[in-house]
Structures are given as C-alpha cells and as structure tokens.
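Student: From first to last, the protein sequence lines are chains U and V. Under the numbering used here, the first residue of the first sequence carries the number 1, and numbering increases by one thereafter. Under the numbering used here, the first residue of the second sequence carries the number 1, and numbering increases by one thereafter.
Treat the hints as calculated values from the structure; they're not laboratory data. Every residue, glycine too, gets a C-beta built ideally from N, C-alpha and C. Treat the hints with care, as some may be off.
[To be verified] Estimated spans, in silico, between C-beta atoms of each pair:
1) Ala-81/V to Arg-64/U: 19 to 27 Å
2) Gly-59/U to Ala-81/V: 30 to 38 Å
3) Gly-3/U to Arg-80/V: 20 to 28 Å
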Amino acid sequence: DAGVIQSPRHEVTEMGQEVTLRCKPISGHDYLFWYRQTMMRGLELLIYFNNNVPIDDSGMPEDRFSAKMPNASFSTLKIQPSEPRDSAVYFCASSFRGTSTDTQYFGPGTRLTVL
Amino acid sequence: SQQGEEDPQALSIQEGENATMNCSYKTSINNLQWYRQNSGRGLVHLILIRSNEREKHSGRLRVTLDTSKKSSSLLITASRAADTASYFCATRGGSYIPTFGRGTSLIVHP
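Please work from the sequences and hints to get the whole structure.
Tutor: Now the structure itself:
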C-alpha cells in the first residue's frame, strides 16, 4: 500500500484565497483524522471521521474551516477565506479500529503558507 | 485533559549514548503510544504499551509504563544520528481517539 497520500505537499497562497487540502487514506481504514501542527500549538486534532461520517469537529478553529469525506478513499479540508495565522503543516492520518492497536498512519503533510 | 506531556522538550546527545524521554499524563488510560517524526515528515508509530503492561521492547527501543505515577518513558539505546527526530507520546482513554503531547526533540550528534 502507498500509505496515506496528501496533496499538495506545499501550498502558498494569499490572504483571502480559498485553500483545499486533499487526503487519500489507506484502503480499508475506517477512521480518518485531520491535524494541524505549529510550533506554538503543537499537534492539534481538527476533525475526525468514522466510516465517512464526521464524528467530532470540535477542534476546527473557525467556520472558515470545513472538511468533507464523500467516500472512503477521499477527504478534503477547506479553508475559506484563508488568513496568515492558518499557516501550518496539515496532516491527514487514518486508522483501522478492527486491529485494536489504535495505530494512526500519517501522511507526509501539506505545508501551508498564507501571505 | 489527559494529554501527555513529554519531558525534556529537547535532548542533545552523542552517537552511541542512550536517550531517555518521559511522558506524563493526567487521567487513566487504556494504552499509550510513542511516535517519531523526522523533519518535514509525518508521524510514524513506534510502539504501543497497554495499561496492564509495564515494559515493552522493540529493537533498540524500551518503553516503560507506570500507571500509579501516570508516566511512561522511552529509552533508545546506542543512539544513532538517524534517530534524530521529534518523539511524541499519545495517550488513549475511554475514547478511541489518542491525544498527542508536544514532543521531545532529540538530536544525536555523530
């Protein structure tokens, strides 16, 4: 398996623009997580899905952030409009609860810079 | 919050030395995991220890868990320059979702 795939790897945009981050989880995994990592705040859980259904989005910072999972193999995180303080590395991770090991498999991340 | 907190925040050692980092948490857990993050990469799972276990080994890694003190330690023996990375503990309680700490940054000098 190719692991969790994220695109783009780097994104530079201007304040006010819409940003869409994409994630393809590992096939067969039933949980998908979106994280944001900054030096100041560390690794923050934004939202997670179980079987394509959003379960907890309490970590989403503002209404400017939204996430979807239209099917088991694809998820998006959208920021509209983007602001400089959104600059961070965004990670997608997936896991399969059936193993009961709770191991999360992380993608390589998307480094977002908002100018 | 049962978020784990790693200590120290940063650790610098010479190749061949052992590296020990600690994780403390606040509430009871089902298991605790350690992850590694190389610069510019995603986190990679290293080892999981369950609440009824006290010690686990994996290669050069040794993890201990003391539930009475609500703490865990990760020992890397005979460190190598390639071990340079950030190390995170993740605790899981009743929820399926683990909570990550802020990490320990380890630098191993060749």
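Student: All the hints need checking, so say for each whether the structure fits it.
Tutor: Hint by hint, here is what the structure shows:
1. Ala-81/V to Arg-64/U: 19 to 27 Å: violated (41 Å)
2. Gly-59/U to Ala-81/V: 30 to 38 Å: holds (35 Å)
3. Gly-3/U to Arg-80/V: 20 to 28 Å: holds (24 Å)
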